[in-house]
Amino acid sequence: MTNLSSLVDLKNGTISREIFVNDEIFKQELGQIFSRAWLFIGHEDLVPNPDDYFVSRMGTDSVILTRDRQNKINVLLNSCMHRGMKVCRYDQGNTRAFTCPYHGWSYSTDGRLVEVPGELVGVPGFGPYYHEKLDKKNWGLIYCPKVVNYKGTIWATWDANAPDFLDYLGDMKVYLDAALDHRDGSPGGSEMIGGVQKWRVKCNWKFAPENFIGDMYHDISHRSVDLVGIGPSGGKGRRDKTIGRTTVSFDDLGHGIIGTLPYREEFPYQETFKNHPEIEDYLKEVYDRRLKNLGDRLRVNTSVGTIFPNMSFHGRQPRTIAVFHPISPTEMEMWRIFLVDRDSPQALKDAARHYYMRYSGPGGMTESDDLENWQYATEASAGHVARRYHYNYQMGMGYAEPVPELRGAWNNGEYSEGNARAYYKRYLEFMEGRDWDGLMAASRAHGEARSDA
Amino acid sequence: MDSENLNLLSLQPGDKVVLTDGAVVEITDNPGDGVWVFGRYLAHPDAAKVEAAEEQPIFAQDIQGVQR
Ligand code: FES
Ligand SMILES: [Fe+2]
Chain Y
13 MTNLSSLVDL KNGTISREIF VNDEIFKQEL GQIFSRAWLF IGHEDLVPNP
63 DDYFVSRMGT DSVILTRDRQ NKINVLLNSC MHRGMKVCRY DQGNTRAFTC
113 PYHGWSYSTD GRLVEVPGEL VGVPGFGPYY HEKLDKKNWG LIYCPKVVNY
163 KGTIWATWDA NAPDFLDYLG DMKVYLDAAL DHRDGSPGGS EMIGGVQKWR
213 VKCNWKFAPE NFIGDMYHDI SHRSVDLVGI GPSGGKGRRD KTIGRTTVSF
263 DDLGHGIIGT LPYREEFPYQ ETFKNHPEIE DYLKEVYDRR LKNLGDRLRV
313 NTSVGTIFPN MSFHGRQPRT IAVFHPISPT EMEMWRIFLV DRDSPQALKD
363 AARHYYMRYS GPGGMTESDD LENWQYATEA SAGHVARRYH YNYQMGMGYA
413 EPVPELRGAW NNGEYSEGNA RAYYKRYLEF MEGRDWDGLM AASRAHGEAR
463 SDA
Chain C
2 MDSENLNLLS LQPGDKVVLT DGAVVEITDN PGDGVWVFGR YLAHPDAAKV
52 EAAEEQPIFA QDIQGVQR
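Those protein sequences? They're chains Y and C, same order as listed. The opening residue of the first sequence carries number 13 in my numbering; numbering runs sequentially from there. The opening residue of the second sequence carries number 2 in my numbering; numbering runs sequentially from there.
Since the hints were made in silico from the structure, they are not lab data. Hints may contain errors.
As the list claims (entries may be wrong) - Cut-off 25 Å, straight-line C-alpha distance, at most; resulting in silico cross-link-like pairs (SDA-like, lysine to any residue):
(1) 149/Y <-> 34/C
(2) 145/Y <-> 44/C
(3) 98/Y <-> 115/Y
(4) 145/Y <-> 56/C
(5) 17/C <-> 135/Y
(6) 148/Y <-> 34/C
(7) 17/C <-> 67/C
(8) 98/Y <-> 35/C
(9) 158/Y <-> 96/Y
(10) 148/Y <-> 21/C
(11) 145/Y <-> 41/C
(12) 148/Y <-> 64/C
(13) 149/Y <-> 41/C
(14) 50/C <-> 124/Y
(15) 98/Y <-> 10/C
(16) 148/Y <-> 28/C
(17) 148/Y <-> 52/C
(18) 296/Y <-> 357/Y
(19) 149/Y <-> 10/C
(20) 148/Y <-> 57/C
(21) 145/Y <-> 63/C
(22) 149/Y <-> 29/C
(23) 145/Y <-> 50/C
(24) 145/Y <-> 23/C
(25) 163/Y <-> 273/Y
(26) 39/Y <-> 399/Y
Computed from a predicted structure; not experimentally measured.
Next comes chain C alone, as it looks inside the complex (with noise of 0.2 Å):
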């Protein structure tokens, strides 16, 4: 995969993102700290991580891109 840099302040709520292990996550709150981000599971690869409709904190690390 090609190393592409994602700048982690201009995620905003509503974005869509993958992460690295496949799951898919709405952001709901930036709070741009670069570390964090929180938001909704909307695919994972555990299906009970999707029904819990609570957010989570997202370890910006994991996430590998925007979805499109």
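Just chain Y, same shape as in the assembly (with noise of 0.2 Å):
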């Protein structure tokens, strides 16, 4: 094992190239990171109907989300307890049954036939060559013991001890919602629009969650693009100042978010498909309408947050989810799932899926700004001189302030790189192998939730 307190070093602000580059510390994470935390696995979109099924990952491991005929969300190791071969090789489709395409044995998630999810219920040969002797109840596919439906986000962790998911969230769930709710306030009515963009970079996986909130200084990276003018009401040259905007971190949780702080009275309407009058009347209209929804209640706006440890969203233009996937220290799978309010006019879902399309996934010109610099980071962070060097994680270092409406929340300021340390923080804690009960003893000791955020 290598002692990672002397690699990341939150006292000092500075973190060691070996957690982005090294193997053994790469087969850490994966131990005690991938195996123990709650992760983001799929949209319900993507399972609609019983039977449906769709193929994700948890760390290195392939795992198949789905709908069984009862209803319920599963989620199951993708491989053959017979010889471990991938018993489920499409991405996406509907059966009643997995079959194994190597000997033939068979899986189910129907309850009628079976007492837990991806039960053995089939084995060619199983009475003249096995004489029945094979007990099959216990050579069924392994699944998640925890397994939610958070606002139609899928999420699910391979610990029966883990906390349950709103627990691991903390209050970082009012940023969440913000990108899950409708634009009018309402709890959900979102829906996933196309299918998802899947991609690979050679570059740590860590790079993409950190990078996301803390996305404010490396605006430098897409002058370019911002420059050349994507966005549905065409503006070209700089980008500007958001009104409100900070950058909040959990430091219990490592989660954080660029966004605003908690408020009362909603923010003056301001246009954003200044190019399709049609659709800015529409969305005019869904402003009204949140301020009579949510009256003086609390919320926020949440531009981009990360959910530690590899989920990150963007809570505004484009509504995206993505969701980084390790497969090596110096190699992701990068996945984009897009979202927009299921009843929004199709005028809206078009202009949007076109904006969502130029700004990000493999060929959105701002996603590719940012996959150049993390995988020439990861590149020339491997050298073997280079790699004895710390990263510096130091701008604004002691000055944040609590933010009194959440619990465990720090306001960093606009520019920062507090929401990194905290992301790392959490990192180092998950990663030293602490127990669930240390790891939410912090932020357990802030109490309940208030009721009206």
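Two chains, each in its own frame: build the complex with the hints.
Okay, structure coming up:
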């Protein structure tokens, strides 16, 4: 085991390049983080009907997200218990049983046939060759003991002792809600548009979740796309400061955001689709509904958020979920899912989809800026001499202020590396092998969630 | 016994098939994967299996032929 506390030096705000390039550390991450933490698996729209499935990942493991005939959502390890064959080799589809293509063992999720999801129901030669002596109940597919559907997003953990998802999320929930709720402020109501974009990047997976919530002062990377002007309002030039924007970290949980502090009075309406007057009319009407729905309730705006360890999301334009799957220390697979209000007019869905593709994904102009930074930073850090040195995370150290409305939240200010420090503090706590009592103690000490948030 | 080809894709719900152990099965679903079909036992050397009205996965290799 590598001693990590010397590599992640939170007191001085420096982090060794080893955690971004080292094989041994990567293996520890799979064991300590990806086998225990709540991970984003997919969206319920990927499995709308009974027997639908979607193949996802948890760390380096392939998993199958299924909706069974009783409408329950399950997450199964995609590896046959006989010789390990991938039982499902499609990305997505519908099936009533997963039959292994190697020797034909067949697994079911149908609650009428099985007691646990993925139970082994069919074994060729069970009577004549196994003499009915194979204990089928013991040889079902491995399944996640904890799975939740949170406002359409599916999350799972391998660890039966993990805290409930909402506990894990803490008051970061209000920022996630701002992305998943309807623009008019009513709960839920988002749907996926298009499919899942997937692509691989030669970079360490942690660059992405860190970058998403530390995006501010790297605006410089996006100068070229800002000069072209790809937004639905067509503005060209430079990105100017957004009113009310700051960064907030949940230091005991590792989550963070770029967005606003909690507030009670809605910001004035801002046009975001100036090139599409009919969409603008609709959005103004949604805004008026939002004023009525939320009244003076506490609310937030999320530009970007990261939920530890590997899921990030955009709450406004483009509204998307991104997930960063580790492949090796120097490679990740990145996915993007795009969201829109389910009941919004087709014109908005179309315009949003086009804008999202101009912005995000492997062909997105803004995304490709980031991908290049992460790829070349990883490559250059892996050099024999380069990896002796630490990265610098010192911006804004010691200047964070507590956010009184939210448990365990810190306002780092608009330009700060406070979010990254909180993320790596959590990283270290997981990597040290703390148990869940140890991992959750600080967060639980803040007490219960407020009822009006 | 003659070796006779059985087109597994042609099996439809409602068809009755005879298995190598003498059991008779009414097909309820055919996923078309060429490995399994689903069905209910109408007759089986072990009477308990007939009483269990539940669908069972039937290994295609165990099907001797269609009952006409
Ligand atoms: S590996 Fe799956 S049945 Fe043998
Ligand atoms: Fe960026």
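Practice problem: Return the numbers of the hints above that this structure violates; sort them in rising order. | Solution: Checked against the structure, the only hint that fails is number 19, while the rest are satisfied.
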